[in-house]
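Peer 1: Listed below are the residues making up each chain.
Protein chains: 4
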Amino acid sequence: MLEGKDELVKQYLASIPFDRRLFRQDIRGSLAHAKMLAKQRIITEDDAAAIIKGLTSIQQEIEQGEFQFRPELEDIHMNVETRLQEKLGDIAGKLHTARSRNDQIALDMRLFLKEETSRTLTRLNDLQSSLLQLAEANQDVIMPGYTHLQQAQPVLLAHHLLAYFDMLQRDKERFRDCLNRTDVLPLGSGALAGVTYAIDRDFLARELGFGKVSTNSLDAVSDRDFVVEFEAASALTMMHLSRLAEEIILWTSDEFGFIQIGEAYTTGSSIMPQKRNPDVAELARGKTGRVYGNLMATLTTMKALPLAYNRDMQEDKERVFDTLDTLDLSLQAFAEMIRTVKVNVGRVRAAFRKDYVLATDLADYLVKKGLPFREAHRVVSELSIYAMNNDRCFRELTLSEYNKFSPLFGQDVYDITLESSIAARNIPGGTSLQQVQIALARARQLVERTP
Amino acid sequence: MLEGKDELVKQYLASIPFDRRLFRQDIRGSLAHAKMLAKQRIITEDDAAAIIKGLTSIQQEIEQGEFQFRPELEDIHMNVETRLQEKLGDIAGKLHTARSRNDQIALDMRLFLKEETSRTLTRLNDLQSSLLQLAEANQDVIMPGYTHLQQAQPVLLAHHLLAYFDMLQRDKERFRDCLNRTDVLPLGSGALAGVTYAIDRDFLARELGFGKVSTNSLDAVSDRDFVVEFEAASALTMMHLSRLAEEIILWTSDEFGFIQIGEAYTTGSSIMPQKRNPDVAELARGKTGRVYGNLMATLTTMKALPLAYNRDMQEDKERVFDTLDTLDLSLQAFAEMIRTVKVNVGRVRAAFRKDYVLATDLADYLVKKGLPFREAHRVVSELSIYAMNNDRCFRELTLSEYNKFSPLFGQDVYDITLESSIAARNIPGGTSLQQVQIALARARQLVERTP
Amino acid sequence: MLEGKDELVKQYLASIPFDRRLFRQDIRGSLAHAKMLAKQRIITEDDAAAIIKGLTSIQQEIEQGEFQFRPELEDIHMNVETRLQEKLGDIAGKLHTARSRNDQIALDMRLFLKEETSRTLTRLNDLQSSLLQLAEANQDVIMPGYTHLQQAQPVLLAHHLLAYFDMLQRDKERFRDCLNRTDVLPLGSGALAGVTYAIDRDFLARELGFGKVSTNSLDAVSDRDFVVEFEAASALTMMHLSRLAEEIILWTSDEFGFIQIGEAYTTGSSIMPQKRNPDVAELARGKTGRVYGNLMATLTTMKALPLAYNRDMQEDKERVFDTLDTLDLSLQAFAEMIRTVKVNVGRVRAAFRKDYVLATDLADYLVKKGLPFREAHRVVSELSIYAMNNDRCFRELTLSEYNKFSPLFGQDVYDITLESSIAARNIPGGTSLQQVQIALARARQLVERTP
Amino acid sequence: MLEGKDELVKQYLASIPFDRRLFRQDIRGSLAHAKMLAKQRIITEDDAAAIIKGLTSIQQEIEQGEFQFRPELEDIHMNVETRLQEKLGDIAGKLHTARSRNDQIALDMRLFLKEETSRTLTRLNDLQSSLLQLAEANQDVIMPGYTHLQQAQPVLLAHHLLAYFDMLQRDKERFRDCLNRTDVLPLGSGALAGVTYAIDRDFLARELGFGKVSTNSLDAVSDRDFVVEFEAASALTMMHLSRLAEEIILWTSDEFGFIQIGEAYTTGSSIMPQKRNPDVAELARGKTGRVYGNLMATLTTMKALPLAYNRDMQEDKERVFDTLDTLDLSLQAFAEMIRTVKVNVGRVRAAFRKDYVLATDLADYLVKKGLPFREAHRVVSELSIYAMNNDRCFRELTLSEYNKFSPLFGQDVYDITLESSIAARNIPGGTSLQQVQIALARARQLVERTP
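Residue numbers (the numbering used here), protein chains in the order written: chain A, -1 to 449; chain B, -1 to 449; chain C, -1 to 449; chain D, -1 to 449.
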């Protein structure tokens, strides 16, 4: 409680400017606590009923913007409790029986992050769905596949998009694992040592929808692993978004010109009217830093803290709130933005200025005619240099030119095309249309399950 | 291949100084690949047999220190392949059929991290075991429980130690989840688009012990999530060790004096002969920074990389090697160090200079006599100030002094002791001996399962 | 401009919720720009006068809370400019001549950080001043000096406090160097390539108080080094505060008990009325993570951005605002908290449970009698073990006991005391009272200069 | 000292595997210390002479690879001292008089980083020189200037390259400031409290080339600010390299095709013989993560350490060694790589597919004819949309088409070209040839000074 402190200290210590966000969870926890206290005859049914009624009306006050949050009351717990006291008098003071702010805040955070993680799963699913639609709608578009940002081998655009689908699928799994470890009731741990009342923790868990009950009170009040784990999973998701963002930025550049984004997701310039900047993608790429930074912040804060609760831990909230808001908006903005993408099929095709991306296929051609791979690689390497030096495509070379490099080349070398290259990669996970259609179907199933 | 490059570039690009560590995984992958190529009739049985024999002898050469690693051959793959060529001539060149260094390195890293993760699980289990032993051996020791590093309520030392046990249990779960996502075969993805040969990826997965096969070739060669996830799980484990380290450092200080560490785990001073410094604990606390930094490094490296493979990704190895070595040594050193801990029961007891840690119990006493908790808290707060101002313990106050603060205090207030306080916290997760013994038994079961 | 965008995109892209903080700098820059445009006859004197009047009244509107910030206008620049247009009509549109939002935001940030850096210097100076006062008031208090948190050698408390003074002095130097690199006018760089009007950049620099003018327009609009450097300097300062915080937390613990903090800077417990938790120190220690995280965030955001301006850079603001607010409040809270510290001289003295901290002095004694240092160290080491095993202080040993370890010990060995140990360290930077008084006087001079 | 410890502890604690790198600095410090001890008559001239001779021969042994480093001797200090004892017997033990390993390691690190910082300055200068040469050799090449990776306005390639020159110039300044704070002698601080001998610290400073002497012994042995500051300056430099790397990767892509890098700085593919991957640039971009991570690591390690020396600090070395090696190689590799760059002038010119980059110039044209800037911007915006929708360049529009948008357009609108656009930006810092030549001359002067 910060009553009587000077303004500076109040401002420094008060968490109410940010933990007010937890008011629903805080009240929900208190409702369950009150019910349990009555059930266990620690307080009377009448007291419990009064408390429950009081809390319910406080929730309404907050939701309707009528509640006056007071920094001198430090945090959401004391703001709610003090208001309850104004309403009920001394009865209110019974709510805090068999409870401490230490297990209370741990409870609030777990309730909150469980909800947020579920929402994140939905957002991830929605972005997957939007990538999937774009892939489904462009199944026959062949684009250059890159390594080192150099054109390497042709791939289907749909295959490329599904790579991001797979990343997001792993993200969903990670958030689910994290959710599983968040799903533990800390209430009953008291300040640090457990409480001296005959409370029913299993009842509390059922009431509040927790799958497990914490097994060590000291750990339960000083554990923020679930916060860090949420931030780490978020950092990976943002890393994936930053990669997708980078490609969108490249693909909308004048030099690539592969796609156009709907005008709603680009902005103009204050000085250069011709521009359509991919601001949403850029900003998401930039926000990756923020989410990484929040992870580092919480890890640093928790470093070397002795048991049990320390005030340092109050720092977990603003960081994870910032992370989840960033993630939530970014995932939504991407899902919508992807829905507006138009593929410039002509520019994509024109990007294959020469057909050197077929070099691997030429080498594989020679292997299938009997050359060991390394030897085939050497031959095609020399052939490529010859073609490049003469500024010719492979398909423009004559058979006798081919044969200068190997007698194994026959007329069927001209059957090697972008299309044949794609078709040949017909193994699970490969870019052939058949495989990609299998992958699209599998992806469709995954997004249509509940996230 | 770096032949003909100048020294500086060789030094800059060559990964062989660190990826040589993957030689077993690299050869193991090649053995399975050769078998599969033969089974699929992509190469002959004879060629496969020669390749397998050659690879086996190369493994021996490396293990016996007879292998000459050459930086100009860039990486472990080309060092092994070139040696194979020296042994077999052109046949060796067939091994690289239907494979690229991009899916090969992804395979090596996954094989390697699967093994390392299993080892980490064993190490975590062993440290749990060592904490458990210490807890079992000191079941009746009551120590001050702290919040804000201020004495708060009495707890059992065993309960305190089990808090760390629980943290490590979560660590094991996280590493298991991570292992599950590492357990995916990338081989067959080729450079980025899949291969043009009729390979059998399921056979490869079975041969190499993978539970799943990757579903998108572009993703499979550019995915380092499993590395980041290992580093994130390690960061959390090191955070837990840093907290334990901090407490060990506090507890061995002159001022606390709660424990002594075996001399093998302390060092003296070059100038102050009387000192026994807890260097192992300090260094582990310090190494937390390194493991956090490695996580940050890999996340940063992966930020905004377009698909598919980019040379930046080579940076994943040294960071994760450093992390796993740090983690491995730290877990071992802690497990051994904890085994040498002697508890100074006298100093622990003496730490309760006054019995103010019983304040919560006094408040609970009043609640049970009918006072609302908040009112009880206020009464005990005033009582505490009175006692402190008079430099007296609670137990030294007379009943009439008690009664000045509340008429509810009776003779039985003197029954409130450290022991009664412990006993009263008899709810699941609480510090009562009964609950702690349940927790010890549960913990014993957990460590005796395979990790 | 975000007019017509949907709510999600507006919310994602709009910077006005945070860059409105720059309104004074933005208007100040515009005032100077308008004056310059008139002076260079790019706009008329009358237009300039109208613009200046309009901007001045907008500043008043904002300061008086009458200004309506509109997210659809995206940022502070367009909010101000649009309001100017409402006031002046088309004339307002002339203000943006020879300027872009890219050089404008670079200007605003530099103006802002110059002011903030100056304020930081004042805060650092004030904390130094408060540490200095505490040191001056406790010049004769001898405390244990620690290495590895083990008592090592006696030091003056004043000497210990001055160590923090020196850290903060380096911080001031770093912020001054950073200020020097922030003090560069970017205006005139346009969007990226410079402007096509005959502007006078030197005039702008003088008007706005800049010491230098940027020399490359592409760099000027895409440089955020000065932001990162501010964050790095802040991270070091927070690291110093975290160390001081750690010591305050230790020193106020029951086990150390060296100091008491004024009640205004501690908080009680919701459940344990006896506690006085050092929350301000704990929270500052925790906030170190936040400031480290912000540094990492901005570094990550800037990684691998091609020239020139990219939308990612918008992310610099919230991070650095958070850092400077954290730093500002933390420095203030510490300065005030330190002013309330009471030293418990008795507990500090009592901490020397035995006099083993004199071991180095005993070794030096033997050296001065002719023994090589390493040999002296060995002798005192054995002596220490003997004393510890017998639970005796050095001063309780008889001379004949001493002589069992070395014949060089004479009666004067009993002259070695905590006081003599302090006095003997009479070299520059040492802990003798004489040296410490020199250091106090030097420190006094440093804080009384302008920061 | 780790004699008698088990292998695990030895391996964990021993710093000799990495601090052996400091052997020259360690011996140099000892030589100065011995001289000073003799000068102050703390040891005899004869002893000093013997010690100096012994140390000199040890240095030779190490340099010639004949020295046997022993982990059980823990660190470089004890390895050298023990060898000295083998050579000189007891006299060797006198060297450690008035010194501790705590001030000794602080000295070694400062000596080492002073040298490394000077080397870094030279490397930075060399890279600047190589960028400058490329700029000088391509003064008349006009390229698209980008914001948001969208073509914005034409700039000179030389101007673009000089933006990196300016970044590196700031880097040099930061390293110089850092050097200034590293240039402080810690020797004489002893273990933590100063020494009890009449040493001459000014003499030591002069002997070892330090400009200042530390003023507080506790701070001097526990200060690692100079390490963090070196890492922070390195992080900024790597950030700059990562931006340059990104552009090199873009510019060598098939889609941009602006430059070619010498073959020595690219690598081929194991499977795609046609590729020339910009591996050096990619790897440098990737290594940015490593350097950021090292900064984070050291900051984390130092967080919340109480005074004075703690074993955690041993962790500073490997991180900063890794950073400086990375920086050193990266700067060298870039300087050499830039020297091999060939500009494909044709592709650069062809990148201006349309002349929309002249839009700002068109707007400025209208402003100069009397339109307020915002109005001019609006007109050109509409004109641009018209041109784009009709797939025409500005220069292909007829004057009557122009006049549909504004009557102010006259025949002279066709004088607006890429060349006129460049020429018009003739203000300090702008991209006109005249300004760029001034900047080139200034840059030439800066690199020809000593770095």
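Just so you know, these hints were derived from the structure itself, not from any lab.
Some hints could be false.
Taking beta-carbon pairs under 7 angstroms as the criterion, some of the chain C residues facing chain B (in silico) [what the hints assert, rightly or not]:
id, residue
1, Ser13
2, Ile14
3, Glu134
4, Asn136
5, His146
6, Asp252
7, Phe254
8, Gln258
9, Gln272
All values reported here derive from a predicted model rather than from experimental measurement.
Glycine is no exception: its CB is placed at the ideal position from the N, C-alpha and C atoms.
Peer 1: Now tell me, hint by hint, if it's right for this structure.
Peer 2: Here is what the structure says about each hint:
Interface restraint check: C/Ser13 against chain B, minimum CB-CB distance 21 angstroms, threshold 7 angstroms, status violated. Because the closest C-beta pair between C/Ile14 and chain B is about 26 angstroms apart, greater than 7 angstroms, the hint is violated. Restraint check, C/Glu134 versus chain B: the minimum CB separation of about 26 angstroms is more than 7 angstroms; hint violated. The criterion of a C-beta within 7 angstroms of any C-beta in chain B is not met by C/Asn136, whose closest approach is roughly 19 angstroms, and the hint is violated.
Look at C/His146: its Cβ gets to within about 4 angstroms of chain B, closer than 7 angstroms, so that hint holds up. Hint status for C/Asp252: holds, given a least beta-carbon distance of 5 angstroms to chain B, under 7 angstroms. Checking C/Phe254 against chain B by beta carbon gives a least distance of about 5 angstroms; that is within 7 angstroms, so the hint holds. The restraint placing C/Gln258 at the interface with chain B is violated, with a minimum CB-CB distance near 12 angstroms, outside the 7 angstroms limit.
The interface hint given for C/Gln272 is met, as the beta carbon of that residue sits about 4 angstroms from the closest beta carbon of chain B, less than 7 angstroms.
Against the hints set out earlier in the document, violations occur for numbers 1, 2, 3, 4, 8.
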